[in-house]
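Listed below, chain by chain, are the residues.
Number of protein chains: 2
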Amino acid sequence: MEKINQLTPKEIRKLIRKGKWDKPTAGLAVGYAQANLVILPQKYAFDFLLFCQRNPKPCPLLEVLEPGVYRTEFLSSDIDIRTDIPRYNIYRKGKLEATLKEIKGLWEKDFVTFLLGCSFSFEEALLRVKIPIRHIEENKNVPMYITNIPCKPAGIFYGPMVVTMRPIPLDKVTRAVQITSRYASVHGMPIHICDPSIIGIKDLRKPDFGDSVTIKEGEVPVFWACGVTPQAVVMKAKPDLCITHKPGHMLISDLLNEELATH
Amino acid sequence: MEKINQLTPKEIRKLIRKGKWDKPTAGLAVGYAQANLVILPQKYAFDFLLFCQRNPKPCPLLEVLEPGVYRTEFLSSDIDIRTDIPRYNIYRKGKLEATLKEIKGLWEKDFVTFLLGCSFSFEEALLRVKIPIRHIEENKNVPMYITNIPCKPAGIFYGPMVVTMRPIPLDKVTRAVQITSRYASVHGMPIHICDPSIIGIKDLRKPDFGDSVTIKEGEVPVFWACGVTPQAVVMKAKPDLCITHKPGHMLISDLLNEELATH
Chain R
1 MEKINQLTPK
11 EIRKLIRKGK
21 WDKPTAGLAV
31 GYAQANLVIL
41 PQKYAFDFLL
51 FCQRNPKPCP
61 LLEVLEPGVY
71 RTEFLSSDID
81 IRTDIPRYNI
91 YRKGKLEATL
101 KEIKGLWEKD
111 FVTFLLGCSF
121 SFEEALLRVK
131 IPIRHIEENK
141 NVPMYITNIP
151 CKPAGIFYGP
161 MVVTMRPIPL
171 DKVTRAVQIT
181 SRYASVHGMP
191 IHICDPSIIG
201 IKDLRKPDFG
211 DSVTIKEGEV
221 PVFWACGVTP
231 QAVVMKAKPD
241 LCITHKPGHM
251 LISDLLNEEL
261 ATH
Chain U
1 MEKINQLTPK
11 EIRKLIRKGK
21 WDKPTAGLAV
31 GYAQANLVIL
41 PQKYAFDFLL
51 FCQRNPKPCP
61 LLEVLEPGVY
71 RTEFLSSDID
81 IRTDIPRYNI
91 YRKGKLEATL
101 KEIKGLWEKD
111 FVTFLLGCSF
121 SFEEALLRVK
131 IPIRHIEENK
141 NVPMYITNIP
151 CKPAGIFYGP
161 MVVTMRPIPL
171 DKVTRAVQIT
181 SRYASVHGMP
191 IHICDPSIIG
201 IKDLRKPDFG
211 DSVTIKEGEV
221 PVFWACGVTP
231 QAVVMKAKPD
241 LCITHKPGHM
251 LISDLLNEEL
261 ATH
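Protein chains in written order, with my numbering: chain R, 1 to 263; chain U, 1 to 263.
One or more hints might be untrue.
The list cannot tell twin chains apart, which means a pair is met if one copy fits it or any two copies do.
[Claimed, not checked] Below, a list of computed lysine to aspartate or glutamate pairs in the DMTMM-like style, where the Cα atoms sit at most 20 Å apart:
hint	residue 1	residue 2
1	140	63
2	246	80
3	152	73
4	14	137
5	246	97
6	152	66
7	130	211
8	216	11
Source of the hints: derived by calculation from the structure; they are not laboratory data.
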């Protein structure tokens, strides 16, 4: 096997397409944007698109494809949505039914594909100015928490916002706000700083998803809207069918993170 | 009649609702965001929402209502979409059929309302830093041009981008870019600066809509995506029915322009 973290997005997708890579994509194609995947039958598509429009922080849309279309235009001209993601989760009526390496056999003409921004993009920007990312340092998954902040409902979709937490040194908090504000299409600026109880988080040591990380003296917890929110919301609405990526097993695009910056 | 330009948004909407104001809204409720209106039957709603998602500069969504809903939440809790706009244009199969003062009698349970940002908001921000707005100085309508820049199509909707032009003194062009970049939800930064022929405009003295304005020595034409684009595109697609505001006769919201700034 080639050294995968030296390959281009196109080369990595080729390996994935051939079934030769079905592991997480963190650390691959550094500098390029990765995307969350949600596929829904057309009858749910307006409601979900409206949900994303109303909740741009947890659900930042990078690209939405027309019914039946499995080729992207904006993220790359060389992506097949049915084969280019390492692992797919198949949910029926909100229940995980299977995890597959490709979904060609399941594809239907009325499937609408939604691709959403991923915080990997802004983490790279934070690291570039030497703001530490604790879960990367500790080789863990980012800690995620269910908050008491309700998303704005749309049609059948509703639920609380899920957030990620990164401990930030006090003297770098404003810089972290400033930098992540540039990346509205990958969750953007934090939604909360400091006291977790205000957003309904009882114990930072017990995340609802991912791993607990160390908060050092002189650091404050900073919270960003999380891409798990749309998946949690979709699962709650229990559509007949929903296909997502397996968490951490993202779509790797040809877009540079910098191309997503708004200013 | 009270001096209307001293009234609050709520007071002005009350006059409009009673049929006592059916004129343009430029200059009213200064500091508050005004919105473009597009109402479509539900069968066209996904395509149009997708069109706006793909073309955020000409079609910046402020709020989208669920099918049948005529009360806003984000723009104000005191708006009735059927009565609170001074003049409505009723289009059937792309043809203007009537211009009405209210649409209660036409309202259907499957109508989906789209409210889009308006450049009045960023003009206020430019004026605050003493960047002149020529069409306001000359008491004219902003000049608008059909470009050769194609919008990204979505479903039945397609067409060229329409732009507005404002002559800006050379030494203030970068400041104008910087300031309007803050207002992504009201068309944002310019899409082109200088040579109009590059975007397919043959003669600046002959705008496709609105009025021609003076370009003084030492000024360059600066072009922004225009809210006429979605209406032009909808008319081209010839849906059975589409209701819009009459150009210039906008919805006045309770949101301050500053609340729309992204950074």
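Against the structure, the hints come out as follows:
1. In this homomeric assembly, residue 140 and residue 63 never come within 20 Å of each other (Cα to Cα): the closest approach is 29 Å inside a single copy and 38 Å across copies.
2. Taking the shortest alpha-carbon separations for residue 246 and residue 80, only the intra-copy value of 17 Å comes in at or below 20 Å, while the best inter-copy value is 43 Å.
3. In this assembly of identical chains, residue 152 and residue 73 lie within 20 Å of each other by CA distance solely across copies; the values are 10 Å between and 29 Å within a copy.
4. Taking the shortest alpha-carbon separations for residue 14 and residue 137, neither the intra-copy value of 30 Å nor the inter-copy value of 58 Å comes in at or below 20 Å.
5. Taking the shortest alpha-carbon separations for residue 246 and residue 97, only the intra-copy value of 12 Å comes in at or below 20 Å, while the best inter-copy value is 51 Å.
6. Within a single copy, residue 152 and residue 66 get their C-alpha atoms only as close as 24 Å, which misses the 20 Å cut-off; across copies the closest is 12 Å, which meets it.
7. Taking CA atoms no more than 20 Å apart as the test, residue 130 paired with residue 211 passes in neither setting, with 22 Å inside one copy and 52 Å between copies.
8. Taking the closest pair of Cα atoms, residue 216 and residue 11 never come within 20 Å of each other, the shortest separation being 39 Å inside a single copy and 53 Å across copies.
Violated hints, in rising order: 1, 4, 7, 8; the structure is consistent with all others.
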